[in-house]
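Peer 1: Based on these hints, arrange chain Z with the ligand on the given structure of chain S.
If you're matching them up, the sequences are chains S and Z in order.
The opening position of the first sequence corresponds to residue 1 in the numbering used here, with each subsequent residue numbered one higher.
The opening position of the second sequence corresponds to residue 1 in the numbering used here, with each subsequent residue numbered one higher.
No lab work stands behind these hints, which were simulated from the structure alone.
Be careful, since some hints might not be right.
[What the hints assert, rightly or not] Here are the computed lysine to aspartate or glutamate pairs in the EDC-like style, where the Cα-Cα straight-line distance is at most 16 Å: (1) Z:K917 <-> Z:E880; (2) Z:K53 <-> S:E12; (3) Z:K585 <-> S:D159.
All figures in this text were calculated on a predicted structure; none of them were measured in a lab.
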Amino acid sequence: MNPRTPGADLPEHPDFLWRDPEPKRSYDVVIVGGGGHGLATAHYLAKNHGITNVAVLEKGWLGGGNMARNTTIIRSNYLWDESSAIYEASLKLWEGLEEDLGYPILFSQRGVLNLAHTLQDVRDSVRRVEANKLNGVDAEWLEPDEVRKVCPIVNTSTDIRYPVLGATYQPRAGIAKHDYVAWGFARRAHEAGIDLIQDCEVTGFATEGNRVTGVQTTRGTIAAGTVALCAAGHTSVLTDMLGIRVPVQSHPLQALVSELLEPVHPTVVMSNAVHVYVSQAHKGELVMGAGVDSYNGYGQRGAFHVIERQMAAAVELFPVFARAHLLRTWAGIVDTSPDASPIVGRTPYDNVYLNCGWGTGGFKATPGVGWALAHTIAHGEPHANVAPFTLDRFVTGALVDEHGAAAVAH
Amino acid sequence: MTSPFRTAEGGRIDRGTTLEFTFDGQTHTGHPGDTLASALLASGRHQVATSVKLGRPRGIAAAWAEDPGGLVQIEEPFPEPMLLATTVELHDGLVAHGLPGQGRLAEISDSARYDAVHHHVDVLVVGAGPAGLTAALTAARSGARVALVDEQSEAGGSLLGGTDRLDDAPALEWVAAAVAELAGHPEVLHLQRTTAFGSYDDGFVLALERRTDHLGTAAPRHVSRQRVWRLRARSVVVATGAHERPVVFADNDRPGTMLAGAARTFLHRYGVLPGRQAVVFTTNDSAYDAALDLHRAGVAVEAVVDARPAGSPRREECERAGIRVLSGAVVTATQGVERVTHALVAPFVDGQVGAGSAIACDLLLVSGGWNPAVHLFSQARGRLRYDEALGAFLPAEELDRLSVTGAAAGVLDLAGCLADGQRVARAALTALAVAPPGEDRLPTAPEPVVPAAPLVLWRVPDTSGADGNTSFVDLQRDATVADIARAVGAGLRSIEHIKRYTTIGTAHDQGKTSGVLASGITAELLGVPVQATGTTTFRPPYTPVAFAALAGRDRGRLFDPERVTSLHDWHVAAGAVFEDVGQWKRPRHYPRPGEDMETAVLRECAAARTGVGILDGSTLGKIDVQGPDAAVLLDRLYTNMMSSLKVGSVRYGVMCGVDGMVIDDGTVLRLAEDRFLLLTTTGGAAKVLDWMEEWAQTEWPDLRVHCTSVTEQWNTFPVVGPRSRDVIGALFPQVDVANEAFPFMTWRDTALDGVPVRLARISFSGELAFEVYVNPWYGVAVWERLLEAGRPYGITPYGTETMHVLRAEKGYPIIGQDTDGTVTPHDLGMAWAVSKKKPDFVGKRSFARQANQDPLRKQLVGLLPVDRRTVLPEGSQIVELHPDGQLPPPPVPMLGHVTSSYRSAELARPFALALVKGGRSRIGDTVHVPVNGTLVPAEVTGSVLVDPEGARRDG
Ligand SMILES: Cc1cc2nc3c(=O)[nH]c(=O)nc-3n(C[C@H](O)[C@H](O)[C@H](O)COP(=O)(O)OP(=O)(O)OC[C@H]3O[C@@H](n4cnc5c(N)ncnc54)[C@H](O)[C@@H]3O)c2cc1C
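Here chain S stands alone, though its shape is the one from the complex (with noise of 0.2 Å):
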C-alpha cells in the first residue's frame, strides 16, 4: 500500500441528497436558477423565514451553471463599504457553513493574494487594504518577501517582465468545493419540504398589472405567490419575458484544471496585471482562471487564446507550472454588470425580485446573498447587505463601481 496521497481522501456524502418531485400547480414562491443562489436562497427562506412552500426550477440539472463551473474563490476583500457588508457577511455565513448544512464542503481558509505588479497596483491595494481595515475586515499589504514567505513557489524576483511589487493578503479567504456546497443547500432545502424541480425551463410569465401570476415551463405552468430571478448569465433572457431592461451582459468566463499534483500551492493568488488566479484544490489539481471572453454568448465555452494567454501569466508567475498539464477546460456563461456589482432586489413588478450581475465573483456570495434574498422575499423589502444593489441605482446614477477602483474580479 502506498503512503496516503495527500488529499486523495473524499469525503463522504450524505446517503440522501434530494428528491426529484413532480411539480405541484403552484407555490408560495417560486425561484427561477437551481445555481448556488437560488439554493440558498430556499434553504434561508426554509430556516430562517419559515417559508417552505417554494419550488427551485432548475433547466439542467441542479447546481450545473456557474455554480459547477467556477474557480471557487471566497473573499471579502472589496473596497467598497455596500461591497464589503455583503461580502463579509457571507464570508461569516461560511464559516458556520459545514455545520449549518452538515455537508462537508471542503471551506478551506488558506488566505488570497492580490499581487501588484505595478505602481498604480499598489496605490489601489493600500487603499483597500487601509479601508477593508476600516471596515473591520482581514486585511494586509504584504511587502514581496512577505508575499514568498506565504506563496514560495511565486516568482518575487524583480527581473520579470511586471515584477511582484506586493500583495494584499486576507487569511481568512479561501476555497470550498463548490459541487459539495450546491448540494448541501440542496439537500437542506429539500429536507425542509421545498421541492427542487430538474430539466424545468422557464419559458414565460403570466402577468396581471404589475404581478407577475406564474411561470410557464417546460414542464407546464406554475402558479406562484412571489417569483425570484436566480438565473445568472441567462437573467436578461427572463427579463426580456418580463419586458423588464437589466443591464447586464452575458460573457463566457473561461476556467481550467491540471492533473493532480502534489502540494505545491499552499494559498490563492490572483493577479489582474499578469491575469491569472490559481489555488490548488483538495484532490491536488492547480484550478486557475483569467478573464472573460470579449464576446456576448450563451456557449459554454470559450476561445483558446484566452487560455494560451492565462497559461503565459501562470508560467510568468509560477515557474514551477511549466510542466503541468492542462486537462480540462470550460466555460460559464456570467451576467457583467456596468460597475461589477450585483443586482438584487425590486423590479417593476411588485412580487418579482431579481438577483443578478454577480459576474465574475458571486460564488463567495452565495450564503450571503442567499440569507439577504430570503429576507427580501420573506419582508418585501431589501435587506440592508443589499440595500444599495437596486436596479435602480443605474438611473441613479448611486453606483458602486468595484472595477474601476478594485480592478479585482472574481
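Peer 2: Structure of chain Z with the ligand alone, referenced to chain S:
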C-alpha cells in the same frame, strides 16, 4: 535487466539499438520504437503504479492514451508530472517511476523552448489510420491544401497493431506508400507525434506536436520541445479511431488485466508478449484476433470467454488452434496480488451469473466493444446519439465544416474505413467547390468474416461479495460500480451529478474508458435508456497539454513585449530608473551618484520650476483623426467643444464613459479643418482608440472620419520651466517665441536642419513650457540638441515622478491615479471642461442623475499634513478628525482616500491630492489619515497648491 517477454522477431522496433532506462530505481533496456510501457512489459513488468485512494496496484491496461493504469512520473531528462507509460517514447537515459495518483512538479525552471505556428488549409485530417490516410490522399490528389496530423510516432493508426493486408501485401506497405505520396504533394503538411487536442468553431483545431521528447537528452536545444499548431481548416475530417471499452467486474484493476486490442498492439508493433498464459474475455468478435495472434506467438491462451450465448463465428478458428471457447460465460473476478494469477469464469445466462471456476493466467484480456473517439466532434458541439448495437455514442448530426469518418464514426472494418475515408473527403472537397480527384483508387482489403452482433455488457454482476466496491469503472479515480449505486441511491439522476459525486471521468484520462461505462451503468441502475442518460460534455484538451507549451514564446521578456521610446538607450546611459507604465518602460527619475529617489526628484522639480527641465513624453498616446466629420466625432466624445477649436490651436479635453465618469484626458491640436491630433494618457492610448472606433463603427457609421494611432510616429519632449523660452528660442531662431507671437495653447511647425519639428505651448506643470514633436528617427538627435541648447540654463532631464509632482502641485489629475472610474469632471473641479452648449456627448445624460447632484460626492482636493513632515502613503484612507487620536471600532466611516502624495521642493513640505466627500466644502478643515496605526492630521486645501493664479504659464 533482460527482456524475457520480447519476441524473437517482428515489431516496429529497432532491435539493433539498445536503450537503457531506469524505472523505479531499476535499470531496464529497450529499443527505439518502444514506449516506456512496451519496454516495461518486455521485461515482464505490468504493475506500474498504485492507485490514488486505495493504494491498489495498477498496471498497463492499454497501449495508448486511453490507458487508465500506467501513470508515471518522469525524473530525467526533466521532471514531468503524470504521463502515461504508454505514450512516453523510450530514449536512452530516461528515468521514471510509478505514480501514486499525484504528479510532482520540478523545482527548477524549465529551460525548454516552446512555440506556436498558425497554419491554414483547405482540409485538415486528424488521424493517420486507414480512414484518415485515405481521406488525406483523396484531398491531396485533388490539389487541395491539406494537413494530416496524427498522435503516434508513425502513421498507420490501428494497422500498426495488427496483421491486416491490403492489395495482397502487409497493410503497412500501403501506409508507407501513402506517406510517401503525401510527401510528394507540395501542399500537404503531414505531422506525426501531433495530437489534435481542441476543436473549436469554424474549423479551428489546436494540435500539439511533440518535437523532441523522443530524443531525450539528445534533443537539440535550438529546436522547440513542443509546438502548438493553430490549424484553421475550411473543412476538418476527424478520423480519430475508436477506443476499446472494458467490461467491469470484480477486481478488474489487477495488473495483467488489459484491453484485448492493446495486447495485439504490444505484440505486433512492439514485439512484446504481455504474458505467457492468457484468458480472453469478450463481448464481441474483435478480441478473437488477439486470442489467435497471441496463440500464434506462443502465448498459452487458456480460454476465450465470450459473454454472448451464441458466441462467435470465429469460434471454430480458435478451436482449430486448440483454444477453448466458452460462450455464454463471463469473467466475474480476478485473483492475485500485484499481478493477476487467475480469472474466475462463470456461465452467464439471462443476465445471471452461475457457479464459476478459476482459470490460471498471468494476462487477462478484455473487450467490451469499441467507443468511437468522438471527442473532437463533440468539442465542436456536435450532438451525439447512443447506438444500441454498438453500445456507444456516435455523431448524431452533420456539422458544417467538420465530418467524422472511419472507426470514429462507428465503421469498424478495414474495407469500410477505407471507403468511408474516401467518401467523406470527397464530400468535403465538393462542399469546398474543389473537384475531387479522378484517379483515386482504394487498395483492396480482404473480405472480412461477417461478425456476430456484439453484446452490450457494461458490467458483470458482482458475485465476489464486495458489492461492487472492487468493480472499478474509473481506475484512475478508484471509482466503482458501488459508487455509482450510492450516487443513484442518493437521488442523483443526471450523469453530470453522477460524475461529480463519484468523480468518474475527472482524472488524467478524462474518462476515455470510463465515461461510456458510467453512462451505461447509471442508465441500468436508473432503469432508463442510455440515450436518456447521455454523456458528460467532452471538453478540450483531448489529452493533457503542458502549460508551458500553451504559453509558447510568450514568456519572460516576450510575455508582454516591452515598449520603449527611441530615446531608451539614452535614458539607460543617463542612469534612469524605469517604471512600467502600461506596456512602456518610462524613466521614473535620473538619480545622480549618491542620490535616492527623493533627492533626485527634489532636484529635478527645482530645475523645472526655477530653470528648465526636459521630459521624454513620447509614450503619450497620439491619435490622428481625419475626415470631414472629424470635429463632429470629437464633439460627441469629449465633454467640451472641439469643433470651435481654431486651426493652429490646442485645447485640453476630457472624455467620459456613458456613466459620465472620466476615462481619459489630454490635449487636442487642430491641424486642419478636417484633421486633429489627439493626445491621450500613456496607459489609455489603446483604450481610447478602441473607444473611438467602437462609437464610430457601431453607433455612427455615417460619420466620415478615420482614426489612426500615431503614438510611435512622434516623439514628444516637453521643455519645461521659466528658461524654456530661451532654450527653444536658441534652437529654433526662425520661430518667434514671444508670448504674443506664440501664445499659450497654440502650435507651430518648424524645422531643425531640415528635420520637421512641431512646437506646441502646452503645460502640464503650470510653468512656461514648449512641447517639441519630432519623428522618432531624429528623436535622439533633437533631444541632444535641446540639451545642448539648454546647457547654459542647467537643463535637467526629469522622469515621471517629477512630472507627477509638478502636475500635482498644480492640481492636475492623472486619470487612473487621481480618478478611479467613479469621478466626474465636476468632481475634479473641471466643470469648465463640460460644454453646456453641445446638444449631446457621451456621458452628458449621466450628469443629470441624482447621484451626480449629491453634495457629498467625492471631490479632488489638496491635503497638507499638519506636521509638515509626513508623506501620506498613496491609497491611505481619510477619516473624520478624532480629537482623542483614537479610531473608533469598525466599521469606521471613510471620507475618501489619498490619490497622490509627494514631497514638494516648491512648498518645502509634503502634500497630497485626495478625493474627499464634499471635499470643496471642507477646505480649511482638518481630517485624519490613519498611517501605520497612528492618525495623522491633515488640512484640506484647494487642489492647486502652486501658482493658483496661473502667473507662470507665460513665463
Ligand atoms: C469560470 C468561472 C469562474 C468563476 N470563479 C469564481 C470565483 O472564483 N469566485 C466567485 O466568487 N465566483 C466565481 N464565479 C462566479 C460565480 O460562479 C457566479 O457568480 C455564481 O455562481 C452565480 O450564481 P449561481 O450559482 O446561482 O449561478 P448558476 O449556477 O449559473 O445558476 C443559475 C441557474 O439558472 C438556471 N436557469 C437559467 N435560465 C433558466 C430558466 N429560464 N429556467 C430555469 N432555470 C434557468 C441555469 O441553468 C443555472 O443553473 C466564476 C464563474 C465562472 C463561470
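Peer 1: Z:K917 and Z:E880 were given as a pair; does the straight-line alpha-carbon distance stay at or below 16 Å?
Peer 2: holds (11 Å)
Peer 1: Compare the distance between the alpha carbons of Z:K53 and S:E12 with 16 Å, and conclude whether the hinted pair is satisfied.
Peer 2: holds (13 Å)
Peer 1: Measure nothing beyond the straight line between the CA atoms of Z:K585 and S:D159; if it is 16 Å or shorter, mark the hint as holding.
Peer 2: Answer holds: Z:K585 to S:D159 is near 13 Å, not above 16 Å.
The earlier numbered hints are all upheld by this structure, with none contradicted.
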